[in-house]
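Visitor: Take a look at the letters that make up each chain.
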Amino acid sequence: MRETFTSVLRGTALACVFALASCSGPAADSVADSKAAPAAVASATPEMQGTPKRLRALTQEQYLNTLTYVFGPDIQVNPNFPPAQRTEGLLALGSGRGGVSSAQLELYQKAAVTVAQMVVDEDRRTFLLTCTPKDPKTADAACASQFFAHVGRLVHRRPLTKIELSEYVEEAGNAANSLKDFYRGLAVSIEAMLISPDVLFVVETSEPDPRNKDQQRLDGYSLATRLALYLWNAAPDDELLRAAEKGELHTPKGRVKQIDRMLASPRLEKGMRAFFDDMFAFDSFAALSKDAMMYPVFTGVTATDAREETLRVAIDHLITKNRDYRDLYTTRETFISPRLAAVYKLPAPPTWSRYTFPENSPRAGIVTHISFLAVHAHSVRSSPTMRGKALRELLLCQPVPPPPANVDFSALENPKATLKTTRDRVDFHLENPVCAGCHKITDPMGLSLENFDGIGAYRETEKGQKIDASGTLDGKAFTDAVGLGKALRDHPALPSCLVKRAFAYGTGSPTTNTDRPLLAHFTTKFGEEGYKLPALLRTITMSEAFSRVAEPKTSPTPAKTANAPSAPAVAANTK
Amino acid sequence: MQNVNRRRVLRGMLNGGAVTVGLPLLNYFLNGNGNAMADGAAMPVRFGTWYWGQGISKAVFVPKQAGANYELPEEIECLKDVKKDINIFTNLTAYRDGAFFCHYTGWVVARTGVAPQVQNQSLAESIDTTIANGIGRTTRFKSLTCTSTGDVRDIISYESPTTNNPPEFSPLNFYTRLFGPDFQDPNAPTFTPSPTVMVRKSALTGVMDKIKTLENKVGSEDRARLDQYFTGLRHLENQFNQQLTKPEPREACVRPKQAKDMDTGSDSALVAQRHNVMTDLMAMAVACDQSRVFNMIYSYGFSNTTKAGYDKPHHTCTHEEPKDEKLGYQPNASWFVRRAMESWAYYVSAFSKIKEGDGTLLDNCFIMGNSDVGDARVHSLEEMAAFTAGRMGGKIKTGLHIPYNAGKITDIGFTGLKAMGLDLKTWGGKSNETDKTIGEIVV
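Chains as they are written, first to last, in this note's numbering: chain A, 477 to 1051; chain B, 55 to 497.
Since the hints were derived computationally from the structure, they do not count as laboratory data.
We treat Cβ as the ideally placed atom computed from N, Cα and C, and that holds for glycine.
Take these hints with a grain of salt, some might be off.
Examples of chain B residues lying across from chain A (beta carbon under 10 Å, computed) [claimed, not checked]:
id, residue
1, K196
2, L198
3, S214
4, T216
5, T217
6, N219
7, M252
8, I265
9, K271
10, T285
11, L298
12, S320
13, A362
14, E374
15, Y458
With a straight-line cut-off of 25 Å between C-alpha atoms, the simulated SDA-like cross-links for lysine to any residue are [as the list claims (entries may be wrong)]:
id, chain 1, residue 1, chain 2, residue 2
16, A, K689, B, E131
17, B, K407, B, K118
18, B, K264, A, L676
Now the in silico label distances, taken between C-beta atoms and shown as ranges [as the list claims (entries may be wrong)]:
id, chain 1, residue 1, chain 2, residue 2, range
19, A, K722, B, F356, 37 to 43 Å
20, A, P772, B, D315, 40 to 46 Å
21, A, D714, B, S274, 32 to 38 Å
22, B, A323, A, N554, 25 to 31 Å
23, A, K610, B, M316, 20 to 26 Å
24, B, A323, A, Q525, 39 to 45 Å
25, B, R288, A, K722, 36 to 42 Å
26, A, G913, B, F356, 50 to 56 Å
27, A, A625, B, F356, 46 to 52 Å
28, A, E721, B, D489, 55 to 61 Å
29, A, K939, B, P310, 43 to 49 Å
30, B, L226, A, D611, 36 to 42 Å
All chains, please: the whole structure from these sequences, using the hints.
Guide: And the structure:
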């Protein structure tokens, strides 16, 4: 029988499990105990066309993580690159569409200058440079060549060509001679390298797939990059590039070896933090603010800590302890900081500490964290609609249509009406047939979170009225937020949504209807393996679908319908 | 000495490498009348924009009279000190041409000339980009964009349909970008070109050459994105050139005091404070000729500006506050619009208080102010209002209220494009396409 990626996956399932257990420490319910793992691959992976080869701009985090891994953790820059446009629920997909504007490139250049200066800094250079120039006041091609051959390979995510290497060395030499300083010369060439298109953009290249006629697969370096950006949110390391160079990523054994190594690496944490930060749309925290009069306890630090809490729990639960993804929505285990303790009304710990909400607590699962509750609320009050909409869209991948353009909500404010609590106000939507269609989708979920105000602090009454926190989710009724967590946990769309997001995020392309059989297959396997995230990541990255690519379909050209610019912009923009 | 060409002198000196050059005093470079540069060239003209979200309260915003002798209704009473410098347009229309996105379609039509068909995706570059490309690059920054909202995701400027110009949202970052270590005081008595910048520029040429190899590896859509990036490299190259060339003196240019960072938050007082600090920096950057194209966002479409002691942010308020039948408008929604108008007045006066030649900086600007909707409560694209400010070197009249009888909002942008000297016959697409300049304001 021909060795396939799937058969290797089956054979090495347990090996992977032990690698994870050793990475995560003695977790009571690590995958090592899972009986589901050996039965993992029951069915063959459905065929799929291949995701489009795209030019992707590195995100700020990918750029900075890479620099940190290449040059050391004390390389710190904070250039505030703008986020990409959220596409199909993920910012990561926007980076496959958006370009780099002049203003953005200016930010990259400033960051590159800072990094280059740090690299050649007198205190750091002996650590970062593996050679010493013969004369520090002039060019030294041999030393510069040694530096760029090593560093250039890591930041370009492939070895430099001879021409590229000689260009960087020559540029460093010219600059060194002009400035009469080897190190300043080297810095100028480093700056140029860090803004070069091969570094800022990921250009996926392919080759014919010898296993599947008429199909294209990513070449070794492109696959290495896709894997590393997915799992680590950074460029490949030396070993992954070496595996790519030797063609190992296209052999099932070689690929699984690398994937297991990556899943066991500490870098996985940063990678998965980035994924969940994106999937949970936590970029909203960047501009989150609460009314200081209404919520004096909630500051900018509270917002930062709230985001951190949920990400810590996600990593601890899914990676460190390798637990069932669905239990993320019912777990009472969390981490709290002094600022969060003030909102949770708990004794403040001296620093970040583990905490378990007691069994009788109204909080269970990440949906009852301050993060979700505060981000999906107004600055001055809670919002069952915003919360319900977010849960549907972010966790169940069910888009909620926007309200009609000409809707008039002012009856909600009518002082003659007896709309005391938020539930009263929201129920009004359900009386109005224009509103009811969509609000029926969102509000019954959101209302079960009404025991938490606009910053996620617990409350039992609103304007003197006892809060009724009962709700429903697709036919399941519950009385409070804990019940909502359980209903979410058991909702079939919860795991399938994660699968959909994880595949789209990893390949950088939105999923389409034709991907449905493949996604269904991944979801089944996810369930068979106990809904463990590392196992899912392994399934996806080992699939041929992950490395198969197709030429991108050209989207309709805006120029036909509008004044889309091309060079020269003015001429194209006008008639 | 009257015929000395500074750039020629400097270029000669620069060929020798890093040198320090003594230069004549700045007033030497204006002509005798103070209304043009010494070589007879006109003062540069600039294009700016200002944006506020959530429209107007028609009953108290729209002046009763047309023309020059109009009275300011109460919602815009605060514009009295800038009335002579601005024009108010009312009853403007944006056409949706199919899809409609509540707080997006209206401003995108006004700024790109084309109705978007997908949420958050413009079909065309925005007018500031068209103008920046059209007037050519003579300044350090192609354009400047800021937001008072503190949110970098508030986009108002598109460099291409898929690439936006993110706004500056931190006063400190904005200060550093404009007046930090790379700032060159145009009025400094001496000028020392940086040898590091010289070699940096040379290295950049190498980066530009790499693009050709990449272009062969990607499809046409991605090639357009690489072109965009290449434009960015040219922008950097231009910046390096600027740094190596002694700028023309600018009489009003004074490096401002270092800005401080501000708290995040959307309380209206904080938003106004952020707006004013960034406006001052922006106006000074224009006075120093660091850019001739600039955009400011006061509040965004889904404005979450709050009013102390009131439980609804601006956007929610427009939808939920009942109209006061006696007053004829939503009182709290109008409160928010009034705060916006105060900031608009501040913005205009920031440019008019800077002296330039025998007039003011505003005299050499064309600033367009617009919103996303007319009546925010129902997201109307009819009965929208907009402003212009500045006389564009004498090409534009001001001080007028122009009821526009449901005419196209794109006419304002087109008038600005023409006034900036762009040679166009029409602007925009489908129902929003226009070939009409607004005769009432053109001299």
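Visitor: Tell me, which hint numbers fail for this structure?
Guide: 11, 15, 16, 17, 19, 20, 23, 24, 26
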